[in-house]
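A.B. asks: Sequence:
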Amino acid sequence: MSATSMLNLERKWIVHPKPRLITLEGVEIQRQLASNDAMTHEMATAIFRRLGQVDLFFSKDSTGQIWRKFVEPDFATTVLSNADPMTIQSIRASFQEGTSSCNPASCRMWYIPTILPDDWTVYAFDMLRKRIIVLDPAVGLFGYSNRRVSMHEFVSNKLHAALFTCLQNFFSSWHCESSHWGHTFPIIMREKIEKEQTGLCATFFAWNYDGDKLQTPLNKDTLASHSSLMIYELMRMQGNQTPVANDVLEAVKVSLTAL
Numbered sequence: 072m073s074a075t076s077m078l079n080l081e082r083k084w085i086v087h088p089k090p091r092l093i094t095l096e097g098v099e100i101q102r103q104l105a106s107n108d109a110m111t112h113e114m115a116t117a118i119f120r121r122l123g124q125v126d127l128f129f130s131k132d133s134t135g136q137i138w139r140k141f142v143e144p145d146f147a148t149t150v151l152s153n154a155d156p157m158t159i160q161s162i163r164a165s166f167q168e169g170t171s172s173c174n175p176a177s178c179r180m181w182y183i184p185t186i187l188p189d190d191w192t193v194y195a196f197d198m199l200r201k202r203i204i205v206l207d208p209a210v211g212l213f214g215y216s217n218r219r220v221s222m223h224e225f226v227s228n229k230l231h232a233a234l235f236t237c238l239q240n241f242f243s244s245w246h247c248e249s250s251h252w253g254h255t256f257p258i259i260m261r262e263k264i265e266k267e268q269t270g271l272c273a274t275f276f277a278w279n280y281d282g283d284k285l286q287t288p289l290n291k292d293t294l295a296s297h298s299s300l301m302i303y304e305l306m307r308m309q310g311n312q313t314p315v316a317n318d319v320l321e322a323v324k325v326s327l328t329a330l
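Going letter by letter, the sequence shown gives residues 72 to 330 in our numbering.
Worth double-checking, as some hints may not be accurate.
[As the list claims (entries may be wrong)] Lysine-lysine pairs mimicking PhoX-like chemistry, simulated, CA-CA at most 25 Å apart: (1) K229 / K201; (2) K229 / K263; (3) K263 / K284; (4) K263 / K291; (5) K266 / K201; (6) K284 / K266.
Everything labelled a hint here was simulated from the structure, so no lab data went into it.
With the hints as constraints, model all of the structure from the sequences given.
C.D. replies: Laid out in structure tokens, this is it:
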């Protein structure tokens, strides 16, 4: 992307209308995914929307089964502002997206990315083991302080209550109970990362965490590869209403091949 002209970067590269409108300029993608600026709420929303599309595509031959669901960041932002997510039409639509082909009751893992005052965190809700897995890149190599554990328990409990309210209202086949859940705080960082990269790490965690471990270890090289992959996937987003993505896609393919 370094060779892309500013005129091209200032154009809209992402215009995606549903479940709510997202627009991103090329310069935002360049700065946040190629130059390590802090990830915005809109960028994370676009990425998680695309990852959901990818999962639905690869689940098309699995006879209605899907093992994970990415919840867009709007959900956590709404819940933590003490608003009712069930009153937001775009959130209702995002929960029900893809349910015509995949049964949500079969979904083991629900990933909720959350922007907090100092970083991004992913809360992974494991419906099989009834546990909330806290994936926080800001804790680094040394684990969670008592204060940070308390903060994450407070946040995740609010998300847990709201998530189950939505699931039980939206899906008549929902079966997992909301009582007797626990929390786990795995230390999965192996290298120190910059504060500005916690958003990118959150997308890495959600994409690579299988419920027990990271399928791909996180280090500077794998994070750089993941960043290029996210650019590539954004350019392939289904329903994108700008032609710029097609112009950029081939150049991104070249950069991925070089990695």
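A.B. asks: Does each hint fit the structure? Answer for all of them.
C.D. replies: Status of each hint after checking the structure:
1. K229 / K201: 16 Å, holds
2. K229 / K263: 29 Å, violated
3. K263 / K284: At roughly 18 Å apart (the allowed maximum being 25 Å), K284 and K263 satisfy the hint.
4. K263 / K291: 9 Å, holds
5. K266 / K201: Given pair K266, K201 is violated - Cα atoms ~30 Å apart, limit 25 Å.
6. K284 / K266: 22 Å, holds
Violated hints for the displayed structure, listed by number in ascending order: 2 and 5.
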